[in-house]
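There are 2 protein chains.
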Amino acid sequence: MSRADRFLQALAGQPVDTTPLWIMRQAGRYLPEYRATRARAHDFLTLCKTPELACEVTLQPVERLGVDAAILFSDILIPVEKMGVPLTFAEGEGPRLQPVRDAAGIAALRVPDVEGELGYVLDAIRLVRRALDGKVPLIGFAGAPFTLLSYVVEGQTGKQFAETKRLLFAAPELAHRLLQKIADTTVAYLGAQVRAGAQALQLFDSWVGQLAPEDFSAFAAPYVKQVIDRLTPLGAPIIYFANDGAMLLGEAAKLGAHALGVDWRVPLDRARAQVGDQVTLQGNLDPCVLFAPPEVIERRAADVLRRAGDRPHVFNLGHGILPPTPPEHAEALVEIVHRLGQRRS
Amino acid sequence: MSRADRFLQALAGQPVDTTPLWIMRQAGRYLPEYRATRARAHDFLTLCKTPELACEVTLQPVERLGVDAAILFSDILIPVEKMGVPLTFAEGEGPRLQPVRDAAGIAALRVPDVEGELGYVLDAIRLVRRALDGKVPLIGFAGAPFTLLSYVVEGQTGKQFAETKRLLFAAPELAHRLLQKIADTTVAYLGAQVRAGAQALQLFDSWVGQLAPEDFSAFAAPYVKQVIDRLTPLGAPIIYFANDGAMLLGEAAKLGAHALGVDWRVPLDRARAQVGDQVTLQGNLDPCVLFAPPEVIERRAADVLRRAGDRPHVFNLGHGILPPTPPEHAEALVEIVHRLGQRRS
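Here the protein sequences line up with chains A and B, keeping their order.
Residue 332 in the working numbering sits at position 333 of the first sequence, and the numbers go up by one each step.
Residue 103 in the working numbering sits at position 104 of the second sequence, and the numbers go up by one each step.
Fair warning: there could be bad hints in the mix.
Any copy, or any two copies together, can satisfy a pair, since identical chains are not distinguished.
Said to hold, decoys possible - When the alpha-carbon atoms are kept at most 35 Å apart in a straight line, the in silico DSBU-like pairs for lysine-lysine are as follows:
id: 1; residue 1: Lys253; residue 2: Lys158
id: 2; residue 1: Lys134; residue 2: Lys224
id: 3; residue 1: Lys134; residue 2: Lys81
No lab work stands behind these hints, which were simulated from the structure alone.
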């Protein structure tokens, strides 16, 4: 058992030498080496689309922090652009897309040819796998269908999600048509990632917590299940992260994912009570705890481990690491989890 | 039993002729008559601070919709300004405050003299009570201490709440000092509202859902309990709304509130299972359901009523009504709830 194995072992529910961890957005602005690479790219999308640069930033936290998995540096909207939704990122702001809200707009969207149109993502995966040389596994990822729908419909990161829900509640058949196109795209996109070398997959459902359970069941869960069912034969374990989904975990556990990401709002013992024993839990330290001194980080990380108990667990933050985080605090977290996690082996 | 009584009866856990309802932000931009009054005020804060105008918009939804309670038109940041935190509202944007993040800044904040400095709020309450003439009760309100802390520390509506949590996790004693000052202000402010004529109170904890349960217990719950304990002798029932607080409801039920607001994410039967039988639940239709046709509104409202069952319930949306809502859909909701709610009497 070594650093190379423990992440995939934990996803498989197998014993591990210590609790594995990785950090959502571990390649990011809190790292000076990321900011240096970013400065060499024309803009954020160029960074995502240039395999050598995407590979470089993907590897940085593996080197500096000693995390147990790499995750491809990219953005969940990359495949959406190729569905026919023009995408820009203004500096210091979120994404902007040409919103699609009607039948004609939805009909005009297409499932991209991943090998032909998103080859830079697959090339980045191949470069990373070669550079990692088996040191740790590589995670590929995509946005989950409901979350991608929300970006397509809102044209930006939603606030009240009024346009999204107007579509769901007032024109549900159109919403389903859009969700199916996104699901087809996601299956093609993640399947190609696995064939290029991704060894595990995460589906980010960043905004699904905006849905009441009834609407989760109608508009989110069926497409997550479909994506997982169609990808499972490829053999890469799949993590489903239903952010802010405290009331959704019980149903999320039935969708076939090997692991469920849990945000910091749901203590892992309470999450476990909802999901049963057949799934690995991933999470869930509040990212802002990394602003505190190392003794606070240790106390809070120990509490996460205690609540995870002896059930399969991948340590992570409960949301992406924030730009103001001191990198040495992220380093401290890795040391703490690997040290305290050993009591569980 | 009549429209004048059913809201307070439901808060007291007493039988009602039909389910009472009011709507968060019922006086607001979705109403053309609100927009007309708003156009006569120089800006949003002037509207809040001019008793005649605040009274006028407070009454509008009582007339048009037939809701069972009025709620004073104001903003939760009004008392914060008088603590010594300069406040502005830019058109089309949220509030902007001079952020307070250190010991000196917190020490400089003061508990305002409510009668002397916030008399316009009390005058508005007196005007509304006179105009209502017993037709329906009037709700006063304030932000809950943690939510107000987040505005004071962030200087605006938080996104990641990084500065707020930095204070909580890295300087908890400072956070407690600030929370105590806010709690003292809130007690003075709400006490004066009751003396001026408010017949029920709501504490809005709009951002408390950002906290893990452990942090809710440390930084939010004790101050909510203190505020409620100190106000309870005045006799006005208190509603506590812990927005996005799916995991917090069990503890929230122990803070002495007569009622708990529930956002749309938590079906009321699941909420009831967490809170026991001693509290009225208020909520919780997704505000975006009001974008859908009336038959969808009826189906969804019926589901809320079904989940509320025969336990004490005040119907509301699970969050504030949104500006794009057709007013006639809000009118339809009131008719639907009053009609379907009768089966419960």
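So, going through the hints one by one against the coordinates:
Taking the shortest Cα distances, lysine 253 and lysine 158 sit within 35 Å of each other both inside one copy (29 Å) and across copies (31 Å). Within a single copy, lysine 134 and lysine 224 get their C-alpha atoms as close as 31 Å, which meets the 35 Å cut-off; across copies the closest is 52 Å, which misses it. For a Cα distance limit of 35 Å, the shortest separation of lysine 134 from lysine 81 inside one copy, 32 Å, qualifies, whereas the shortest one across copies, 58 Å, does not.
The earlier numbered hints are all upheld by this structure, with none contradicted.
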